[in-house]
Amino acid sequence: MPTTAETVPRAIQEDRIDRLNVSDTWKKRFKVIAKAGGTKLPDFRSLRSGERRGINFNWLAFLLGPFYFLAKGLWRQAVVYVLLAIALATLLELVGLGQLGRAVGYGFAAIYAVRANVSYYANVVQGQAPWL
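Just remember that our numbering sits 1 ahead of the position in the sequence shown, which is counted from 1.
There may be inaccurate statements among the hints.
[What the hints assert, rightly or not] DEER-style ranges, computed between Cβ atoms: (1) L101 with D44: 22 to 28 Å; (2) A12 with V115: 27 to 33 Å; (3) N57 with L85: 20 to 26 Å; (4) S50 with K28: 17 to 23 Å; (5) L101 with R49: 36 to 42 Å; (6) I13 with G106: 40 to 46 Å; (7) T91 with D25: 41 to 47 Å; (8) S47 with A88: 34 to 40 Å.
[To be verified] In silico SDA-like links for lysine to any residue, alpha-carbon gap of 20 Å or less: (9) K29 with R116; (10) K32 with A114; (11) K32 with L42; (12) K32 with A12; (13) K36 with N57.
Simulated from the structure, these hints should not be mistaken for laboratory data.
As the structure is a computational prediction, the values presented were derived from the model and not from experiment.
Just so you know, even glycine gets a beta-carbon here, dropped at the ideal spot from N, CA and C.
Using the sequences and the accompanying hints, generate a full structural model.
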């Protein structure tokens, strides 16, 4: 069973992150996420504002959406989010609210942006492959 940040001492967690085959930028993000308590981020408010901004929003994920997730190996989430967006846009079109379709697109872009860093952490550091 994969270990979580909550059950692994911080020094061991940082050592594990240092040995990962990812860029230094991702290692820094992963260390901040571990410092915040893992994927659920229970200690998020204890982080400095720069650290919070660094893990809270990913511009590339916002701009590229499912393509970014696919490139990072997060195909499950990419598939689920695309299917949900299509279903929601179709439903809105059927009930006569097709103009809200663009809002659905922007909403899902925001979901990709705020989920990307934590999802990639769960995949690479914890070995989990979440669907949502």
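Exercise. Do A12 and V115 keep their Cβ atoms within the hinted range of 27 to 33 Å?
Worked result: 29 Å, holds
For this session: Determine whether the Cβ-Cβ distance between S47 and A88 falls within the hinted range of 34 to 40 Å.
Result: About 38 Å separates the Cβ atoms of S47 and A88, which means 34 to 40 Å holds.
Exercise. Measuring from beta carbon to beta carbon, are T91 and D25 in 41 to 47 Å?
Worked result: Cβ of T91 to Cβ of D25: about 42 Å, so the range 41 to 47 Å holds.
Problem set entry | Hint check for G106 and I13 - Cβ pair distance inside 40 to 46 Å | 41 Å, holds
Exercise. Quick one, are K36 and N57 close enough, alpha carbons at most 20 Å?
Worked result: Cα-Cα ~14 Å, so holds.
Exercise. Between K32 and L42, does the CA-CA distance stay at or below 20 Å?
Worked result: 12 Å, holds
Exercise. Are the Cα positions of K29 and R116 separated by 20 Å at most?
Worked result: 17 Å, holds
Exercise. Is it true that the C-beta distance of L101 to R49 lies inside 36 to 42 Å, as the hint says?
Worked result: At 37 Å between Cβs, range holds.
Problem set entry | Satisfaction of hint between A12 and K32, Cα-Cα up to 20 Å | 10 Å, holds
Exercise. Are the Cα atoms of K32 and A114 separated by 20 Å or less?
Worked result: Answer holds: K32 to A114 is near 19 Å, not above 20 Å.
Problem set entry | Range hint compliance [Cβ, N57 to L85, 20 to 26 Å] | 22 Å, holds
For this session: For the range 17 to 23 Å, tell me whether the beta carbons of S50 and K28 fit it or not.
Result: 21 Å, holds
Violated hint for the displayed structure: number 1, the only one.
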